[in-house]
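Put chains B and C on the given structure of chain A with help from the hints.
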Amino acid sequence: MSWRLALALVAGVALLVPFVVPQYSLTVIVSALIFSLFAMSLDLMVGYCRLYSFGHAAAYGLGAYCAALILTHLQVPLVIGIALAVLVTVAIAVPIAWICTRSTGVSFAMLTLAFAQLGYAMLFRFRELTGGSDGVVGIPRPPGPFGIDWFQGKTGYYYLVLACLLGSYLACRAIMRSNFGAVLAGIRENEAKTLSLGYNTRAYKTATVVLSYGVGGLAGALYAGFAGYASPELFFWLTSGHVLIMVVVGGAGTLVGPMLGALFFVFLEHQLSQVTDLWPPIFGSIFIAFVMFFPGGILGLLRRRHAAA
Amino acid sequence: MPLLECKGLTRRFGALIAVDAVDMRLEPGEIRAVIGPNGAGKSTLFNLITSVLKPHAGEVVFAGENITGFPVYRVARKGIARTFQRCHIFPALSARENVRLAAQARDARRAAAIADEALEHLRLTRFADISADTLSHGDQRLLEVAMAIAQKPRLLMLDEPTQGLSLEETDRAVQILKAMLRAGDLSVLLVEHDMEVVFKLADNITVLHRGRVIADGAPAAVKADAAVRSAYLGGAD
Amino acid sequence: MNFASFILAQCLGALSQAAVLFFIACGLTLIFGIMRIVNFAHGAIFMLGAYVGCTAAALSGSFVAALIVAPLAVGAIGMAFERVFLRPLYGRRDGGAHLLLTFGLAVVLSELVRIVWGAQPKSLATPEALLGIVMILEQPFPIYRLFLIGLGLAAGIALWQFLERTRAGLLIRAVSQNSEMVHALGTDVDLVRTAVFGFGCAMAALGGVLAAPLVTAFLGMGANVVIDAFVIVIIGGMGSFLGSIIGSVLVGFVQVFGAYYFQDLALALMYLLMLIVLVARPGGLLGKEE
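Heads up: the protein sequence lines correspond to chains A, B and C, in order.
Following my numbering, the numbering of the first sequence begins with 1 at its first residue and continues without gaps.
Following my numbering, the numbering of the second sequence begins with 1001 at its first residue and continues without gaps.
Following my numbering, the numbering of the third sequence begins with 2001 at its first residue and continues without gaps.
Chain A on its own, in the form it takes in the complex (with noise of 0.2 Å):
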């Protein structure tokens, strides 16, 4: 089966999910799919980098406190308050970034899992805002502009978060392939080389750094209006090893391999919890037997059945 084929039937497929599936089952796969943009932004950083971030839950948390505080205290319609969420995501990710990047290796990873630290312990510090350990509840989904709402009802949302996926796939994969994208290649294969070249090693990294935290804020936003609540678990440094779990299980700097990642994590979970509550060990497990043995994660896995086919 070429991959056009397989493209057009997972189109097909995802966009008439609503209406073949029950409800319960939808707010699984809405889930899903917020996962999936989250992985695929880490992904930014881990895959195309080589920058592993042990903090990305500062990012999905920033996301979803922000538009959590913003829609709650603010009368915006949600769309308006999403984007405003990724932006004080973005703005706040800079300083981060740029600290961050000054170092790789353990190092970057340490700094930005202090970052992710930080933000939680921010949360208990400041809960007359943020609600301590209750978190921020009933955030509404407010109409509008121009009075649009179909986004208010779970399907209308989940075809929002379909179009946030596409739409920052999209965008992503164009940054990755274009001139920005070579360079970043550059870093990966040899970043001594690339700065002898005449780039700017550290303004490249932080900018993807950047864009990973814009990504990831918009999953968290994305996520907060749906479940209508912001909680500190978000912020928990676990939240930030699940997800680098799903970008490497999945298939790291693919942008696709990590969303594979990120629905066959919520799958398992879904099937597993239901049989045993052994399950987030195994995740970790499988994890381990990722690194050591398919390096390429799920997609390279099927890039290489596909090729011997």
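By construction, these hints were calculated from the structure, which means they are not laboratory data.
Just so we're clear, the structure is a prediction, and the values are computed from it rather than from any experiment.
Check each hint, because a few of them may be wrong.
Facing chain A, from chain C, some residues (calculated, C-beta under 8 Å) [claimed, not checked]:
no., residue
1, 2085
2, 2089
3, 2096
4, 2099
5, 2104
6, 2107
7, 2108
8, 2111
9, 2112
10, 2223
11, 2224
12, 2271
13, 2279
Note that CB positions come from ideal geometry on N, CA and C, so glycine has one too.
Chains B and C in isolation, oriented as in the chain A frame:
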């Protein structure tokens, strides 16, 4: 005005003085070789000029501008391109992609055309779509040179370009370099161990020994210089 | 309240903090020295040690039992992990694999702890013999904390002598410098690595047991600790044992005095310290490698 001037460049590594108050000038259009025994400080000098290392004393002046201590990428943008002793390329990318990335830094719009041109010059066009890590060592070195010229530099710095090349590959490389140099408005600084290559290409030679300049001039003069003979050629040549 | 006695109490508090940090940090630095890997799971190991210690103490009624069982059990787990997962990947050029592996271990351990012990923190009572306070210059100071200082000091000296004076210690230092050479001389370097990794984990677990009476065992205690340990090791120099002692003391003081003067923002102070250290030495690991 000289294109490049090194004034009293000094760099230490602990107790070792790798480069000791080195003065050197390069005029526009000149081809200068830097030679010396192992450990003389040649690569360190290169690293000081391109700002990979910061000097402990002295200045680097390029086209009248003091570029000492500039970030590496800014030095490159000023018009200095270099190759490395240990051949730095992008292994997983194709030859064309390697050169294109180099060209893109200078001129993003015409990058593809410049890349093809550079590959042509170095007679590497047949490898354009092949991944760089599968090329022979000699071709990888030439690829690195192609990347350097794709940057359209004013100063080309080659760090042991013929190292590890066979006699035949060396000859070929020298032919290509000669053709390129006569054709373009380019100045070259060349670190080289192979004396035949040096005498075939260089207008002038700077000789380093233990971090210091011990001779500086035209090839014939340097060859005859007593200090050079004893330090470097060691009498047994 | 006398200012001098107040400062003394704070200093002693800082030293007791440093002692606990030392147990964690020395393990991290030894592991890095011998394998060039930053064990990201060190925080989770610390947490596991705390929980195992709580259970061991609850079952046996003895704090000493916890001090023995937890390091042994967790050390064994560490050795098994190194043997099965880390060892096969030593050849890999891409250092990312080890980073991800120890991260994976951290995730698995943390999730297991959550499942086995639940979400509620577990407490470990300070042992009878060490309860109570002592008056130092008219300031009350917990005996338990003095015990920590003493234990930390003893362990530090013992380890230092071990590394400097014994053949095993020499072997470990040699492998840290040049593993190929040592291997060529006939030593089973793999075994040394496994042993050191296990030992490092055991030390971190011991730190967990010692910390439990002070802070209780809770989920998430590992995430902050691994950052602290990392900062300590960077300050002291990756792979430097003496550095881990110096770093622990420094961070201990920053944490205790920071908590007093900045209260809530003390956490931010730690991150600020981390930033300063990493900005001063952005290479972090790589800087030391050169």
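A quick look at each hint next to the structure:
1. Evaluation of the residue 2085/C hint against chain A yields a held restraint, the C-beta minimum of about 6 Å falling below 8 Å.
2. This hint holds: residue 2089/C has a C-beta 7 Å from the nearest C-beta of chain A, less than the 8 Å allowed.
3. Annotation: residue 2096/C was flagged as interfacial toward chain A, and the flag holds, the nearest CB pair being 6 Å apart, inside 8 Å.
4. Annotation: residue 2099/C was flagged as interfacial toward chain A, and the flag holds, the nearest CB pair being 6 Å apart, inside 8 Å.
5. Against a cut-off of 8 Å between C-beta atoms, the interface hint on residue 2104/C holds, since the closest Cβ of chain A lies about 4 Å away.
6. A distance limit of 8 Å between C-beta atoms decides the matter here; for residue 2107/C the minimum to chain A is near 4 Å, and the interface restraint holds.
7. Hint status for residue 2108/C: holds, given a least beta-carbon distance of 3 Å to chain A, under 8 Å.
8. Residue-level restraint check for residue 2111/C holds (minimum Cβ-Cβ distance to chain A is 4 Å; threshold 8 Å).
9. Taking 8 Å as the C-beta contact cut-off toward chain A, the hint placing residue 2112/C at the interface holds, the least distance being around 5 Å.
10. A distance limit of 8 Å between C-beta atoms decides the matter here; for residue 2223/C the minimum to chain A is near 5 Å, and the interface restraint holds.
11. For residue 2224/C, the shortest C-beta to C-beta distance to chain A is roughly 6 Å, which falls under 8 Å, so the interface hint holds.
12. Taking 8 Å as the C-beta cut-off, the interface hint given for residue 2271/C holds, the closest approach to chain A being about 5 Å.
13. About 6 Å separates the beta-carbon of residue 2279/C from the nearest beta-carbon of chain A, less than 8 Å, and the hint is met.
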